[in-house]
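Asker: As given, the protein sequences belong to chains A and B, one line each in that order. Residue numbers for the first sequence follow this note's numbering, beginning at 3 and rising by one. Residue numbers for the second sequence follow this note's numbering, beginning at 3 and rising by one.
Treat the hints with care, as some may be off.
[As the list claims (entries may be wrong)] Calculated pairs, DSS-like style, for lysine-lysine (alpha carbon to alpha carbon, straight line, at most 30 Å):
id, chain 1, residue 1, chain 2, residue 2
1, A, K71, A, K92
2, B, K149, A, K302
3, A, K540, A, K71
4, B, K302, A, K250
5, A, K250, B, K268
6, B, K529, A, K517
7, A, K609, A, K302
8, A, K302, B, K92
9, B, K540, A, K241
10, A, K529, B, K585
11, B, K302, B, K74
12, A, K302, A, K74
13, B, K514, A, K254
14, A, K268, B, K92
15, A, K520, B, K529
16, A, K254, B, K268
17, A, K514, A, K609
18, B, K254, A, K514
19, A, K517, A, K583
20, A, K529, B, K254
21, A, K237, A, K302
22, A, K88, A, K71
23, B, K92, B, K585
24, B, K268, A, K268
25, A, K540, B, K74
26, A, K540, A, K517
27, A, K529, A, K483
28, A, K268, B, K175
29, B, K529, A, K529
Just so you know, the hints here were simulated from the structure itself, not pulled from any lab data.
Protein chains: 2
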Amino acid sequence: PLRGDHDERSLVFADLTHEEYVQVQQYMLNEKDLDISTNQVTKPSQNFLFLINLSLPKKAEALAYLDAKGPKPVREATVVVFYGTKGYIKEYVVGPLPNPTYHRDVTVERYQMELPINARLVTVGEYALLFNFLLTEVFSKLEKLLKESFNVGPEKLNAFEQMPRGVRSGDRKTWVSFFRDMSGMYIHPVGFEVLVNHESVNESEWRVERLLYNGRYFNSTEDLQQEYDEGSVNKIVYKPSPDYGSLKPTNKPLQIGPQQFYAEGKRFSVRNNHVLYLDWSFAFGLSSLTGMRVFDVRFKGERIVYELSVQEAMSVYGSVTPGMIITKFLDSSIGIGRFAHELVRGVDCPYEAAYVDTYRYIDVPVPVRFRNSICVFEHNMGQPLRRHFSDFFHHSYGGMANSALVFRTITAIGNYDYMWDFIFYQSGSIEAKVHATGYISSSYMVHGSRGFGHQVAENVLGNIHTHFINFKVDLDVVGVKNVFQTKDMEFVNVSLPWMPDHYSMVPRLVEKQLKTEKDAALRYDTKTPRYLHVASNKTNRWGHQRSYRLQVYSFAGDHLPENQAEERSMSWARYKVAITKHKDSEQTSSSLYSQNNMWDPAVDFSKYIEDNESIEDEDLVAWVTAGFLHIPHAEDIPNTVTVGNGGGVLLRPHNYFDKDPSIHSADSVYFSPG
Amino acid sequence: PLRGDHDERSLVFADLTHEEYVQVQQYMLNEKDLDISTNQVTKPSQNFLFLINLSLPKKAEALAYLDAKGPKPVREATVVVFYGTKGYIKEYVVGPLPNPTYHRDVTVERYQMELPINARLVTVGEYALLFNFLLTEVFSKLEKLLKESFNVGPEKLNAFEQMPRGVRSGDRKTWVSFFRDMSGMYIHPVGFEVLVNHESVNESEWRVERLLYNGRYFNSTEDLQQEYDEGSVNKIVYKPSPDYGSLKPTNKPLQIGPQQFYAEGKRFSVRNNHVLYLDWSFAFGLSSLTGMRVFDVRFKGERIVYELSVQEAMSVYGSVTPGMIITKFLDSSIGIGRFAHELVRGVDCPYEAAYVDTYRYIDVPVPVRFRNSICVFEHNMGQPLRRHFSDFFHHSYGGMANSALVFRTITAIGNYDYMWDFIFYQSGSIEAKVHATGYISSSYMVHGSRGFGHQVAENVLGNIHTHFINFKVDLDVVGVKNVFQTKDMEFVNVSLPWMPDHYSMVPRLVEKQLKTEKDAALRYDTKTPRYLHVASNKTNRWGHQRSYRLQVYSFAGDHLPENQAEERSMSWARYKVAITKHKDSEQTSSSLYSQNNMWDPAVDFSKYIEDNESIEDEDLVAWVTAGFLHIPHAEDIPNTVTVGNGGGVLLRPHNYFDKDPSIHSADSVYFSPG
Ligand SMILES: [Ca+2]
Ligand SMILES: [Ca+2]
Ligand SMILES: [Ca+2]
Ligand SMILES: [Ca+2]
Ligand SMILES: [Cu+2]
Ligand SMILES: [Cu+2]
């Protein structure tokens, strides 16, 4: 028995369907003068339809429609084409769906710049050429070395690329590190790395610029081969290596662990992209680029959050060798949602969870279905949400178990698996959390390696790195006109009223309203007030401004210094919380084009606050950064565990209600002796 | 099918049994020259046997016994007697159990001072006199006021006392605030407070020193009565007040929420005070004063923690009125474990948890049994402990669900309920956590109140306050000889090996070993290194020192300034983590005598580090403080929720093992297409 009804209006936020992807793809192919290919192995020198994605509706239009004050917004797609023939990237808006009749180049409108072709991702088509290049230009020339050092033929080493691909705009020079073809190859480095210059879209101009073998650099494959054959190289002598990356169980199950079940059925429902759970409802989607997101989150019918979404997952690594020395990953440029694969029942989510399929079109010839890639479940958190036992004046007990709804995806982006959770509590709180698991990145140990991490296996360094995660939190607290408040304590010396000669330090409440974007950009390297609120000027029953508090859970390391050219592509990570005035044109804090053009990124978040707009009585967006410093250790082998490796933000009602709404929960328990 | 066997040696840490309490009580009563009463209403002017508690064995003796290298330590009790006839408090050690033959005064040995009688708690005997005093000296003289203002006769207001009871050593002047006799009286203040001087053990010398009525102070009951009758007082006019503190459900259950069950039985076992869970084993106890504690925590038979225990829960409040203006609660002085009452199945702990009875002797005439006051259960945390999905080179999946053992008590100390959890993870981590729920403390609103909190009900201020919780973490990492290490990152500017003209800022690992107690007292108001480790000089397979990392979760407010006289009683709260050399004589960071003698406390934690001993290759103890700033808001009515209101510390293996021990868990899941 569910409270409330599903609302089809949630579909304005729905990802494109399989049919819609095909319609957009066909429309683009039919525009013959664009000369676009959708072939999976389209070459960099050709024009490739890389991405089709939902274009989110303008917020004002969506709100009007959701609140039955306006028509349904036109449904449109964003299309990204890599124009190898012309040296640029274009973003189009294509619409209306389901039967597109127009496309519009929105590149400059969105990014205030043209997008150079080398800002693009490496596609399957380019990878095919790269692997072939490595085979002919490196491996086939080093058969003896490969056999003696690694006991492999040319095809049995796996490649892992480092990014950024160079040190300045226009660079596309990638250090490729090689790993044994074993379970979790990321922790099996062999000590061999190659710098490939693939700046030209014409693969015939690619070249090997440098090689690293056992800690020594060589200018060409021939140099390495010659010195190796001459014996003037300190050789790596092959030694069988155990499969320490294996995740295969070593013990048979004795007894299965605790399981959760819904004795009287599910208390939530998923229809289309709309979820109902007790007093909660929300719409959801999964962007191929930024990942999981929810919209129009309501509690008892009242909208609290317009958008809550993952924005970016970033890591900065340390090393003495090229693989990891300048490595800075910006995962939304590679695609966070893109790697949301099937969730495993009973491990990734409980058996009884609801599982949702998603469809994506990114670097593929046809749309792809990802079975069971989102899960939704109610979970008993194993603790009371609240309780009180009275043994003094009234012998009575009241309490309720903490059961909450979890909305989850897990995105396996190469080595790492990020578990993304949005959790909806019966007390009106919403939590956005991320945990990291999967394999760490590693380097082959050379002199000086231990300054940059810990050894975790034979010759393997687990490299020190940071994790920074950015969330977009567009709270609308009793409407879109909000202010940003901080609250904290300070000790004041007060004279005691009944003995005025005596002074005591007493904690006092300190409240502030921050007026501009720059004031409200709260840097990680400064002390920030302890309570951060998005508030309405409307008050609750007791005369206090209704608000939601942002409580950030983070163990972040240091952010890259701002004097580094790459920092502009990740400037959101300067701030624990930054508040901006909402703009449809400031949809994301990062971009698809940031990873491969970090030095001149399509989106530099710090520009959103540079105009220092007023944030009083405006539609506010909070950009929240959480993270943790990761110093890998032996227990990261084979996998990093989720326990302790996470961060996030809790959105808590603070004078939003007149009392705790969980008091109305049917889960409440009360008894007294009388 | 459990791994390992229960070990009866755990009984050296077991709380006293019902029989042992009786034996000690009888022994003390038989020592006629001590002239002790065990009568529940023993007066302050008499001698009262207040407390019987386990005396913990000396660590060296306990270790020798546990490791089969020594005899079983003599079992002894600690007895606390309040000598009203003599004006002091004595602590005795009584032994041997089960048949005591000796008692030894250990007061000065333990505290390096005599304990003045006014450092004692208010006993049931003293409360009986206090209530009678209030009845005759206040209520019976103010019947008209009470009726007109509060619609009550003399007995229908409830009292809540503020502490400390004064501003200097020897003071015992208690502000008593009055509350309506309704559900959760703590949030129903009426605006009437009385300052009672009960310094003398002779109740005939007690007197009312001041009264507060509707924001105005009066020097005597007679003054208030007279002014009230004359109409020169701004009267509180009675108005019925809704029962907003009620925890009674307002809705009937529709469907029960998710439940957890053990499909194939429990994977843990509790025998005596010993718990087995997969690779874990530990002994446990519950001190009436400090609460929950575990000892001899082992993983795969290897001891990791000698003692993990709750030490203190402290709060400092702010207000403009006496009730809360100088309020500083030190709960271990009142008794944390003392209030561990029966846990409610299905709310406080899952239905299928194991429940354990405990027995206590504190301010009672006979030992008391507390049914089901500890629960132990395995919980499915609703997330993978680790997982990886590989879609590139190997299509395979490996992971395991995060099922962990939870050891829990909940202590309802007046208004607040603290939920204490020790959690044992299959990855070798142990977490100590506390969450607060129950009722906030409140004041009747007067002019200026809003500077010290938020209004949460009609005329009710929820007062701003801090929560600080102290844990004792006696890790023994591969034996007792350990060092304290910190690890962190710093950016260094390095020349890139393949293009030496180019410099990049690269994160580097910074490791330090702190040498003395003062170096390792890491203050909350300074920047502390991000990773804190108790380490052995023994190394793991990869040559790194085996260690456990302390990861503190805290949202603490500011600690009371050190120039305040009361600060010495809570000096542990200065430090996020402080490391001391283990001493049997430094068993706790606080004491039973701290609350009522804050200015000259029996234990001042800062003295443990004042001698600045070496902490290199010593038996180390980590004292960890977590907490949160609490600015009450409407949603704290009726109860504070646990979500977001907690803190704790995670103890994580860091190069302790050679790889993640969960790889050997029978819960591991793996599959691949082949
Ligand atoms: Ca702006
Ligand atoms: Ca907003
Ligand atoms: Ca010392
Ligand atoms: Ca120790
Ligand atoms: Cu990591
Ligand atoms: Cu509190």
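Asker: Work down the list of hints and note, for each, if the structure agrees.
Answerer: Results for each hint:
Proposed proximity of K71 of chain A and K92 of chain A is contradicted: the alpha carbons are some 34 Å apart, above 30 Å. For the suggested pair K149 of chain B and K302 of chain A, the alpha carbons sit about 41 Å apart, so the restraint of at most 30 Å is broken. The suggested pairing of K540 of chain A with K71 of chain A holds, with an alpha-carbon distance near 22 Å, which does not exceed 30 Å. Taken as a hint, the K302 of chain B and K250 of chain A pair is honoured in the structure, with Cα atoms around 20 Å apart against an allowance of 30 Å.
Pair hint K250 of chain A plus K268 of chain B holds up; C-alpha atoms about 25 Å apart against a cutoff of 30 Å. Only pairs whose Cα atoms come within 30 Å are accepted, and K529 of chain B paired with K517 of chain A is accepted, the gap being roughly 29 Å. Distance check on the hinted pair: K609 of chain A and K302 of chain A sit about 37 Å apart at the alpha-carbon level, beyond 30 Å; violated. Between K302 of chain A and K92 of chain B the CA atoms are separated by roughly 59 Å; this puts the pair beyond 30 Å, and the hint is violated.
Only pairs whose Cα atoms come within 30 Å are accepted, and K540 of chain B paired with K241 of chain A is accepted, the gap being roughly 27 Å. With a C-alpha separation of about 37 Å, the suggested pairing of K529 of chain A with K585 of chain B is violated against the 30 Å cut-off. With a C-alpha separation of about 23 Å, the suggested pairing of K302 of chain B with K74 of chain B holds against the 30 Å cut-off. Distance check on the hinted pair: K302 of chain A and K74 of chain A sit about 23 Å apart at the alpha-carbon level, within 30 Å; holds.
Between K514 of chain B and K254 of chain A the alpha-carbon distance is near 42 Å, which puts this suggested pair outside the 30 Å criterion. Restraint check: the Cα-Cα separation between K268 of chain A and K92 of chain B comes to about 59 Å, which exceeds 30 Å; the hinted pair is violated. Of the pairs offered as hints, the one joining K520 of chain A and K529 of chain B holds, with about 25 Å between alpha carbons and a cut-off of 30 Å not exceeded. Proximity of K254 of chain A to K268 of chain B is assessed by CA-CA distance (about 17 Å); at most 30 Å being required, the pair is judged to hold.
For the hint linking K514 of chain A to K609 of chain A, the alpha-carbon distance of about 25 Å falls within 30 Å, and the restraint holds. Our distance criterion of 30 Å between C-alpha atoms is broken by K254 of chain B and K514 of chain A, whose separation comes to about 42 Å. For the proposed pair K517 of chain A and K583 of chain A, the alpha carbon gap of about 11 Å is at most 30 Å, so the pair holds. At most 30 Å may separate the alpha-carbon atoms for a hinted pair to count; K529 of chain A and K254 of chain B exceed this at roughly 46 Å.
The suggested pairing of K237 of chain A with K302 of chain A is violated, with an alpha-carbon distance near 69 Å, which exceeds 30 Å. The straight-line distance between the Cα atoms of K88 of chain A and K71 of chain A is roughly 44 Å, outside the 30 Å bound, and the hint therefore fails. A C-alpha spacing of about 22 Å is found between K92 of chain B and K585 of chain B, which places the hinted pair at or below 30 Å, so the restraint holds. Proposed proximity of K268 of chain B and K268 of chain A is supported: the alpha carbons are some 25 Å apart, at most 30 Å.
At roughly 68 Å between alpha-carbon atoms, K540 of chain A and K74 of chain B are farther apart than 30 Å, so this suggested pair is violated. Distance hint between K540 of chain A and K517 of chain A is fulfilled; the C-alpha atoms sit about 18 Å from each other, no more than 30 Å. Taking the CA atoms of K529 of chain A and K483 of chain A, the gap is about 27 Å. The hint holds against a cut of 30 Å. Note on K268 of chain A and K175 of chain B: the hinted pairing is violated, with a Cα-Cα distance of about 56 Å set against a maximum of 30 Å.
With a C-alpha separation of about 11 Å, the suggested pair K529 of chain B and K529 of chain A falls inside the 30 Å cut-off, and the hint holds.
Comparing the model with each earlier hint shows violations of hints 1, 2, 7, 8, 10, 13, 14, 18, 20, 21, 22, 25 and 28; every other hint is respected.
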